[in-house]
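Residues per chain are reported as follows:
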Amino acid sequence: MKDRYANRKYFIMALAIAAAAILIIRLFYIQIIDKTYRTSAANNVLRHITQYPARGLVYDRNGELIVYNQAAYDLLVVPVQTSAFDTARFIEILGIDMKDFRDRMKAAVSYSRRAPSVFMKMISSEAYGLLQEELYRFPGFYVQARTLRKYTKPVAAHLLGYVGEVDDKLIAQDSYYKSGDYIGVSGIEKSYEEQLRGRKGVNIFMVDVHNNIKGSYADGRFDTTSVPGKNLWSTIDLSLQEYGESLMRNKTGSIVAIEPSSGEILALVSSPSYDPSLLVGRVRSSNFNRLQADTIKPLFDRALMASYPPGSTFKIMNGLIGLEEGVIRPSTLFGCSMGYHAGSLTVGCHSHDSPLDLPGAVTNSCNAWFCNAFRSILENKEYNSVQEAYDRWREYLVAFGFGNKLGIDLPNELSGFIPARSYYDRYYGKDRWKALTVISLAIGQGEIGATPLQMANMATVIANRGSFYIPHIVKKIGEVGGPSSVFAQKYTTGISPENFEPIIEGMEGAVNGGPGATARGARLDSIIICGKTGTAQNPHGKDHSIFVAFAPKDNPQIAIAVYVENAGFGSTFAAPIASLMIEEYLTGKIKRKYLEDYVLKVVITPDGKEQ
Amino acid sequence: MEKNSNILNRLDWLTVLLWGTMMIMGWLNIYAAVYNEEYTSIFDMSQRYGKQLLFIVAALILAIFVLVTDNKLYYFFAWFIYGIFIFLLVLVLLIGNEINGAKAWFELGPFGLQPSEFAKVATGLALASYLNSKRQAIGFRTMLSATSIIMAPVLLIALQPDMGSVITYFAFFIVLFREGMSIYVFISALLAVVLFLLTLIFGTVPVALGLIILSFAALWIFIRNLQVLMALGVMAGAGALSYLIGHYLFGAGVDVVIVAAVMLSGAVYAWYLYRYRLKMALIIYTFLLGGILFLFTVDYAFNEILKPHQQTRINILLGMEDDPYGTGYNLNQSLISIGSGGFAGKGYLNGTQTKFKFVPEQSTDFIFCTVGEEWGFIGSVVVIGLFVVLLLRLVMLAERQRTTFVRAYGYGVFALFLVHFFVNIGMTIGVMPVIGIPIPFFSYGGSSLWGFTILLFVFLRLDAGRAEYLG
Ligand SMILES: [Zn+2]
Chain D
1470 MKDRYANRKY FIMALAIAAA AILIIRLFYI QIIDKTYRTS AANNVLRHIT QYPARGLVYD
1530 RNGELIVYNQ AAYDLLVVPV QTSAFDTARF IEILGIDMKD FRDRMKAAVS YSRRAPSVFM
1590 KMISSEAYGL LQEELYRFPG FYVQARTLRK YTKPVAAHLL GYVGEVDDKL IAQDSYYKSG
1650 DYIGVSGIEK SYEEQLRGRK GVNIFMVDVH NNIKGSYADG RFDTTSVPGK NLWSTIDLSL
1710 QEYGESLMRN KTGSIVAIEP SSGEILALVS SPSYDPSLLV GRVRSSNFNR LQADTIKPLF
1770 DRALMASYPP GSTFKIMNGL IGLEEGVIRP STLFGCSMGY HAGSLTVGCH SHDSPLDLPG
1830 AVTNSCNAWF CNAFRSILEN KEYNSVQEAY DRWREYLVAF GFGNKLGIDL PNELSGFIPA
1890 RSYYDRYYGK DRWKALTVIS LAIGQGEIGA TPLQMANMAT VIANRGSFYI PHIVKKIGEV
1950 GGPSSVFAQK YTTGISPENF EPIIEGMEGA VNGGPGATAR GARLDSIIIC GKTGTAQNPH
2010 GKDHSIFVAF APKDNPQIAI AVYVENAGFG STFAAPIASL MIEEYLTGKI KRKYLEDYVL
2070 KVVITPDGKE Q
Chain Z
45 MEKNSNILNR LDWLTVLLWG TMMIMGWLNI YAAVYNEEYT SIFDMSQRYG KQLLFIVAAL
105 ILAIFVLVTD NKLYYFFAWF IYGIFIFLLV LVLLIGNEIN GAKAWFELGP FGLQPSEFAK
165 VATGLALASY LNSKRQAIGF RTMLSATSII MAPVLLIALQ PDMGSVITYF AFFIVLFREG
225 MSIYVFISAL LAVVLFLLTL IFGTVPVALG LIILSFAALW IFIRNLQVLM ALGVMAGAGA
285 LSYLIGHYLF GAGVDVVIVA AVMLSGAVYA WYLYRYRLKM ALIIYTFLLG GILFLFTVDY
345 AFNEILKPHQ QTRINILLGM EDDPYGTGYN LNQSLISIGS GGFAGKGYLN GTQTKFKFVP
405 EQSTDFIFCT VGEEWGFIGS VVVIGLFVVL LLRLVMLAER QRTTFVRAYG YGVFALFLVH
465 FFVNIGMTIG VMPVIGIPIP FFSYGGSSLW GFTILLFVFL RLDAGRAEYL G
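Protein chains in written order, with my numbering: chain D, 1470 to 2080; chain Z, 45 to 515.
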């Protein structure tokens, strides 16, 4: 067999020899010629001290500091470098007993004799001071600086979130994190973790047998500098947030306030809450377990994660959609005889003037009017079927941000629920359902669910007469960076601006009108507030009180949604709370002390009792 | 029985000895790398060295199993085995376990198996079988088919994505070279690798300019006549003109302008050379053009295809991006531990760097750190020497075959070992990007040890049966 290419074996063998030669030359260089890799004395050891950068600070929209850092110190040990020392003095400094000392030492040794491990986390500042002076007496031990969160006020726990230790799963996924590192676990701390954390650095020192640092290894050639985290400016108004939390104390529910012109969230209250400093440092895990076990669920962020039926506030949506679809006009009159009656079906109403036009129906929150309107929407002859009309109706709601996550820059937002056509098809059979089957949607009851954030966003859309920006919690990152560009994108809802006017007129009437107005308790003399009450049916107890509003009527500065669980009608508590929030934000001081006192004093327990 | 004793007589014991030595050295180094005074028994099965011992025993059994198999099996079932592994590579994408961001593992009880480690054997067999069926020199079509045999597993592995394994498959081009692939193509490929690294260091434009200058220097050396000088003038003029037009009329970036200039001036130049029948100049020009096109492809591939952490790894190697605590940190730690080994090393189990757990993956991809730190320059050279002996022995064995099939397979084994050996040690000492591939027989891990063992012993089995007629 002829083999014309047999000579190529020499070339191939040369490749292998060349590869080996390159490696050997390089090894010769780094192992023999270059001295930087060798420690000057044989018994010197290298100590890698991680430089943990300061985590970014968080300010409110007015530049007021909310979150900052405090120094903390971890005591580390390299077991193989320890030698006999005055353990009595050592445990005295740390304030631990001999058994504790032995247990910690054993744990460190079983991790590794040669690698450093944390002997004691977050030692007190007194212990740190003493140890600094006497460290030479305790070879093998050294202190590493960390930072812990500190809060200027005990508020905004849910939106700020907390910082915890990384778990093994995350360490496996992301090479940045090492065992014992901190990471944002919830709230802003989580969603802006990458900006807040900065970048770790490491300094390598040579240490002699007496635990003295002999200097930087290789003149710092292998050191890396840490980069501090970026500061964040939140959209929150800290004093409004604080005020909202005080109003909600001893009640369950939430407040979401948004600046309509920007989508910036002014306040995001969830009650019951907790002091964010409870979840910092050594007490974090015990406090966390306690909070998690608490039956009133203080860790649960109701503003983003609770979904309620929107109740009568939803009549606004049906009014807007009816107008846009052309099936009702502002002047359309429907009568009401204590409710809506169709065959055997009755949706009850309270007593009020009859018949009413659209603004009047909003003001009086007439169930019959909106049942008629909703039926007109679904039985619109423009569409081939009720189902097709329903699809269109749902599209409007989705455009308002219902049924999907809005995309706020906080973790764990709930999407709420607006049933798709298929949901009813499955329930009643394909196309076997009619407008009357789903009539409870007319007054915001039934299968639908929306979060307080979504309701506040609805109030924003009305204030803006048809558009919104995705609600967000951070307005500036670092000295120059803005938030994500998605928050600068204007969304429109497909409802013409003029169709908002009769609704707004009705909302104005509800707060400021005469007899029949449902939310007169929210009235402010100096500012026109437009609002709508609602009551979310609660199968487990007393109904939830809801109020959505914006103010002033022209050029609105604030849109708000307030939920008070188990408080009954929307006018009872939610409306006054929203009104006080608006007064506080727009005027900076509360004139209606009696109203404020009334709200502050009330305690509403989950079974609906007022005290 | 007679057949088996026959095999023992014909088996290349030198290679077997090298294989055994390397496995034992690897095991001792894994012990040193994860050494902890609390668990000192080298047979402790809860530790990596204990598990590696199990892997070694299993590798022995595998080796025996391969040796007692009829060698015709590998010949006749080459395509079948290849098909099975292609199927497994598809399957692992669908139902595999994700570890470190790559869907590369089948979970089998406590162990994970990486089909890509074994698919190398199958690819080597299929490629050898294909080349064996071609009696004539490798033409363009053969080359294309052979390439697709290599690329099928490569594409599937790239989807996992496991770029380290992908790179090793390119070793098979050494087989094609030995079997008659155009020397120009092979040299181009080698140059491409060098260019790739240079581009990453110096950037696209300087390397492109360097290539142009180099080509002209080569032209001058080869031809030395007036026409070349005139051609240079024409080319420089055309290049400058197209640069000006491109830059000022169309506002194109420097990159685009260089490509345009080379293409345009090249057309003029090629015509000129064609008239004067200067073949060498044409070849040089083709290399130049190919080189520049390649540069921009690399640039694109680097920025658009590689994942950020891979980009960073390559960047760190080249000192382009300082990413502390990420990959640069690993390389630094690796350099410190190997460099601190000095001439004679710190002695077995006396290494400090690796035991501080500063070096990541110290028992798998970075096992050479332990060798360098504890055994020093001497130990490193011994390990490298072992590999060189093994590699040269493989070439010798391959060359004594009577069939293209066994020879081509043997070169496949050689090529894979060469790439793993060079890239792995190279990355720990900073002459190669940090690409996570194991070093044969040293790195911790069952899949890689078994994969390499099967790879090697299939060849030894074929070699032992070389007297029998195959194909
Ligand atoms: Zn009514």
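Honestly, the hints are just simulated from the structure, not real lab data. Be careful, since some hints might not be right.
[To be verified] Below, a list of computed lysine-lysine pairs in the DSS-like style, where the Cα atoms sit at most 25 Å apart:
| hint | chain 1 | residue 1 | chain 2 | residue 2 |
| --- | --- | --- | --- | --- |
| 1 | D | Lys1590 | D | Lys1766 |
| 2 | D | Lys1504 | Z | Lys95 |
| 3 | D | Lys1568 | D | Lys1619 |
| 4 | D | Lys1638 | D | Lys1590 |
| 5 | D | Lys1945 | D | Lys1622 |
| 6 | D | Lys1766 | D | Lys1619 |
| 7 | D | Lys1659 | D | Lys1647 |
| 8 | Z | Lys95 | D | Lys1638 |
| 9 | D | Lys1478 | Z | Lys178 |
| 10 | D | Lys1959 | D | Lys1945 |
| 11 | D | Lys1647 | Z | Lys147 |
| 12 | D | Lys1638 | D | Lys1622 |
| 13 | D | Lys1766 | D | Lys1850 |
| 14 | Z | Lys147 | D | Lys1638 |
| 15 | D | Lys1590 | D | Lys1504 |
[As the list claims (entries may be wrong)] To give a feel for the contact side, a few chain Z residues facing chain D, derived at Cβ under 7 Å:
| hint | residue |
| --- | --- |
| 16 | Glu151 |
| 17 | Ser232 |
| 18 | Ala236 |
| 19 | Phe240 |
| 20 | Ile380 |
| 21 | Ser384 |
| 22 | Ala388 |
| 23 | Phe421 |
| 24 | Gly423 |
| 25 | Ile428 |
| 26 | Leu430 |
| 27 | Val439 |
| 28 | Gln445 |
[Stated by the list, open to error] Label-pair ranges, simulated between beta-carbon atoms:
| hint | chain 1 | residue 1 | chain 2 | residue 2 | range |
| --- | --- | --- | --- | --- | --- |
| 29 | D | Asp1472 | Z | Asn53 | 19 to 29 Å |
| 30 | Z | Phe150 | D | Thr2074 | 55 to 65 Å |
| 31 | D | Ile1491 | Z | Thr113 | 52 to 62 Å |
| 32 | Z | Glu151 | D | Glu1603 | 49 to 59 Å |
| 33 | D | Ser1579 | Z | Leu235 | 24 to 34 Å |
| 34 | Z | Thr191 | D | Asp1637 | 37 to 47 Å |
| 35 | D | Ile1682 | Z | Leu55 | 50 to 60 Å |
| 36 | Z | Phe131 | D | Asp1637 | 31 to 41 Å |
| 37 | Z | Leu337 | D | Ile1491 | 44 to 54 Å |
| 38 | Z | Thr191 | D | Ser1644 | 33 to 43 Å |
| 39 | D | Asp1472 | Z | Leu235 | 45 to 55 Å |
| 40 | Z | Leu152 | D | Glu1602 | 36 to 46 Å |
Backbone N, C-alpha and C fix where the C-beta goes; we use that ideal spot for every residue, glycine too.
(message) For a quick check of understanding: which of the numbered hints are violated here, in increasing order?
(response) 1, 2, 3, 12, 13, 15, 16, 17, 18, 19, 22, 24, 26, 28, 31, 33, 37, 39 and 40
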